[in-house]
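Participant: Chains as they are written, first to last, in my numbering: chain A, 504 to 792; chain B, 522 to 1041.
If you're looking for bench data, these hints aren't it; they were derived computationally from the structure.
Note that CB positions come from ideal geometry on N, CA and C, so glycine has one too.
There's no promise every hint is true.
Unchecked claim - Coverage of chain A stretches by chain B, computed from C-beta distances (three or more under 8 Å per stretch; other residues unrestricted):
(1) 524-538
(2) 665-678
(3) 702-709
Unchecked claim - Below, a list of computed lysine to aspartate or glutamate pairs in the DMTMM-like style, where the Cα atoms sit at most 25 Å apart:
(4) A:K711 / B:E593
(5) B:K579 / A:E656
(6) B:K579 / A:E773
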Amino acid sequence: MSYPKIDLHIHTVVSDGTDAPQELLGKIKEAGIGFFSVTDHDAIKCSALIPPLLEAGDPAFLPGVEFSCKDGEGKYHILGYGYDPAAQSIRDAVDYGHALRMKKVKKRLEFLKTQYGFEFPKEALERLLSLDNPGKPHIANLMVEYGYCENKEQGISEYLNKVRITGPSYLRPEEAIRAILGAGGIPVLAHPFYGDGDQLILGDEMEKRLQRLSEFGLRGVEAFYSGFTVRLIRQMLAFAERFGFYVTAGSDYHGKNKMIQLGDTGLEEEPELPDGLKHFLEDVKDCTR
Amino acid sequence: MEQTTIFLRGRIDSNNAASVERDVFDQLASKENTAVILDMKDLEYISSAGLRTILRLKKSYPDLRITNVGTEIYDILDMTGFTEMMPVEKAYRVVSVEGCEEIGRGANGTIYRIDQDNVVKVYNNADALADIQHEREVAKLALILGIPTAISYDVVKVGESYGSVFELLNARTFSTILATEPERIDWCVKEYVELLKKIHSTLVPTGKLPDMKETVLSWARFMQDYLPKEAGEKLLALLEAVPHDDHMIHGDYHTKNVELQNDEVLLIDMDTLAIGNPIFELASMYNSFQGYSEFNHETIKQFQGFDYETGTAFWKKSLAAYLETNCETKIREVEDKARIIGYTRMIRRSIRRHGLETPDGRAEIELWKERLLGLLEKTETLVFSKNELEIEASTDRLAEVQAFIEERLEAVDCPPKAQMQIGVAAEEIFVNIAHYAYAPQKGCATVRVEVLEDPVSVVITFIDHGIPYDPLEKEDPDINLPAQQRQIGGLGIFMTKQLMDDVAYEYKDGQNILTLKKNL
């Protein structure tokens, strides 16, 4: 059975990507992708923005989201698919996530001001705070713009990473999972081996992590990911089978912000769709536009 | 193809992965068609962001290679499957063996003790990484199959060569024990043979180890230019006839490769591990204790640290224990088979090492060759069995045949009367073969002793390659006739039929096969 090219992990300008929804849609068609999802960080705007843009014969679209989570055990990115965008639970989680982000941005700006005397004009700050999803990279870009540091990386590692945030600063994984489930969606762990993107979690540690999240209600894993080797994909498929998880495939495309190609998921080399992915595609059929 | 080496330093994580990546691609920007080598000598840490950078680099430059990888980063690359996607070479610790005690020497390398707990095997071949990998793999295989051995845990650089490091605590080689505590020879023989039998009874899964027969055949082919045509052909034919055997052989089983660590006997130097008939192993053992020192008895001291007499005694006792016999003839028979392969190997080796270019070298090769030719003349098969004796079919050798049969019968508690009857019958048959099978030439006979159960019985088989002759066809003599009218001869076969419960004859594959069966 043939299946369309899939990419279920994509960012737009709504979070830290560089493509606007319309621009992205053009590139998706150009890349020959037949089934896609936009998963902005802590934001579900695209689930409302994209469907009106779609015409007959366009690729199928699945509403998505990527929540940044943290608890005593570590950091996680949890994807949500096929939820009802009008459901209260997911709207609350997005609002809460956004509020936490705003709290962190304000703390960081304050820290830069009091510790180093870095200040920005009012318009620049308004621009920053009006973003759906401002974070360390956005602040670092401002610092470069106003000459406080050489480049974005230096801004993050030498200044912004020194800020200590007290109190809750991220959703807990169980909160994100509950919110997605509550909106009729499917919670999936993003790039499982890479934690929130920059760790390396292997073997027993991975197993324990999946066990915990499974107890919270996690339903799937992103076993196909642009940054995974064939070996990692194999290992995650084995985990998925053992835990009875759905399997998804995503690139984590960010436009110009990361050197990742749309549709680069590692799935292309697969001779046949794994069962976990087949089941996922069947079960989200009714949620697509 | 052009090569471009890029040095990665410090940490690569999400903070700087993007800039490192830009930097790498910038360095490569002007080079379209190049093989990229990432040198990680000074890389301390890599996170998933860094791994993704490498992955993307691999997609743009399929010939990507990584070198000088430290242990921690190597582990990460290994666990995440990068080592399967691209060549990844480790950075090697540098070890010096200057002033270190040499504790072993094998075909492919020398073993030194570097400290109290560790030894390093330094390979002769400068490009030894493949050899090291091979030895590690076969050692692991041996361990899985139940052979006690040390497994290397690290690869190091020793001068221009590579070495593999093993943990070997308080270990002494059997050579050292024999040299310093000669009174322990019998204990050494017992342990040495026990381990040998264990190796030879280990079945190896198909394709995991090379077949020693192929190697020995290649030696024999090399020898064709140095032997008279007929002898060369016979050597090849003898080797061709050795049946395939999937049991393990060590390939270099001498006393420097057997270690006593605390109370455990350990096998080391596993790179010669193979499958094959045990005669190949005995050949290499013969060379270690006798062959290499036949021309100059001092040679063994350099290799093993003990003298030629000790080597001879250890070899004879080990062979006897291995064959579970004290029968001199039996031991000599198997030794002679081993020597044929042993001489073949030594002559080839010496010629390839310019042995023909010195007077001593030539004299040594001549000695081995003369002995090889003598053995080839009187040997019909290289296969041996504990229960079989291959011997010249001559009445002079009858006593040895009887001694061999007797020893086997005693081992199964055969009653004296049956033993005597079997002795009489066996004498008849063997003398018959000695007189008629090859006359006027000479030839060999094989005597096999087997014990069957249910009912308990002994089967003695005589095999010769002489003219086809069925002694049972002869009509039984009329023993009621008066003595003057009786035929001469034929009485022996008649008696044999009377004494045994069954006598059968068969001519097969050019062999006369006569079996005697006696119920006990």
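Participant: Mind checking, does the segment 524-538 of chain A have 3 or more residues with a CB under 8 Å from chain B?
Facilitator: violated (count 0)
Participant: Okay, the segment 665-678 of chain A and chain B, do three or more residues pass the C-beta test at under 8 Å?
Facilitator: violated (count 0)
Participant: Between the alpha carbons of K579 (chain B) and E656 (chain A), is the straight-line distance 25 Å or under?
Facilitator: 24 Å, holds
Participant: For the segment 702-709 of chain A, does the count of residues with a C-beta closer than 8 Å to a C-beta of chain B reach 3?
Facilitator: Three-residue rule met by the segment 702-709 of chain A, so holds; n is 4.
Participant: Run the distance test for K579 (chain B) versus E773 (chain A): straight-line Cα separation, threshold 25 Å.
Facilitator: 19 Å, holds
Participant: Is K711 (chain A) within 25 Å of E593 (chain B), Cα to Cα?
Facilitator: Given pair K711 (chain A), E593 (chain B) holds - Cα atoms ~23 Å apart, limit 25 Å.
When each numbered hint is compared with the structure, violations occur for hints 1 and 2.
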